[in-house]
Amino acid sequence: QKEVEQNSGPLSVPEGAIASLNCTYSDRGSQSFFWYRQYSGKSPELIMFIYSNGDKEDGRFTAQLNKASQYVSLLIRDSQPSDSATYLCAVRGGSEKLVFGKGTKLTVNP
Amino acid sequence: DVKVTQSSRYLVKRTGEKVFLECVQDMDHENMFWYRQDPGLGLRLIYFSYDVKMKEKGDIPEGYSVSREKKERFSLILESASTNQTSMYLCASSPVLAGQYFGPGTRLTVT
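Here the protein sequences line up with chains A and B, keeping their order.
Under the numbering used here, the letters of the first sequence match residues 1 to 110, in that order.
Under the numbering used here, the letters of the second sequence match residues 1001 to 1111, in that order.
Okay, chain A solo, but in the shape it has when bound:
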């Protein structure tokens, strides 16, 4: 059974701080890694993807991948109240299907 684990939170950070969201996965053959943001009552929105070990930056977001440790993370710099949402980690192995974690709820306090 392929699994993706996330700390359910809630994770609470003050405005302007760095929020760090973490995800581990069980399938060593996983090839692609995705982060989704889901606001309450809305559908998930794809915000980042990473395929290679290392860091990938996009604006205030940085995705980090360590395949040896089977670990992927999302850093949000200068966190804003509008970043308050549930963040889903998703992993793709050798098929078109994604395995999703259950998400980490982030609250950014003004």
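Calculated directly from the structure, the hints in this document are not laboratory data.
Don't take each hint at face value.
Capping the alpha-carbon separation at 25 Å, the derived lysine to aspartate or glutamate pairs in DMTMM-like fashion look like this [what the hints assert, rightly or not]:
#	chain 1	residue 1	chain 2	residue 2
1	A	K42	B	D1038
2	B	K1055	A	E3
3	B	K1003	A	D83
4	A	K56	B	D1001
5	B	K1057	A	E3
6	B	K1003	A	E96
7	B	K1070	A	E96
8	A	K2	B	E1062
9	A	K97	B	E1017
10	A	K97	B	D1059
11	A	K97	B	E1030
12	A	K2	B	E1030
13	A	K2	A	D78
14	B	K1070	B	E1030
15	A	K42	B	D1059
16	A	K97	B	D1028
17	A	K105	B	D1038
18	B	K1057	A	E45
19	A	K42	B	D1028
20	A	K2	B	D1059
21	B	K1053	A	E96
22	A	K102	B	D1028
Given the coordinates of chain A, assemble chain B onto it according to the supplied hints.
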């Protein structure tokens, strides 16, 4: 921008009714997916399709069927709705070996 649309945002049906949920994508994506999302259980894959008329069962296909007659349209059918199928239903599409893009969701209540 990728656009995935779903036929209804909210739907109320009675137990035993046959229910059709429609999903349309405008980006010529090969893959389309149907999920349900329930509190505490996360996203669960019901069915997906990697080509017209092709389908594959996901993790929880029981009580559901699907149809993909055209590349842009993927339908989810609840053959005989039951109260345990009350949920948020999410459709997604993706190109080959890429991330998925979700529609707005349909909140289905079965009474």
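Which of the listed hints are broken here?
-> Hints 9, 13 and 22 are the ones this structure does not satisfy, whereas the remaining hints hold.
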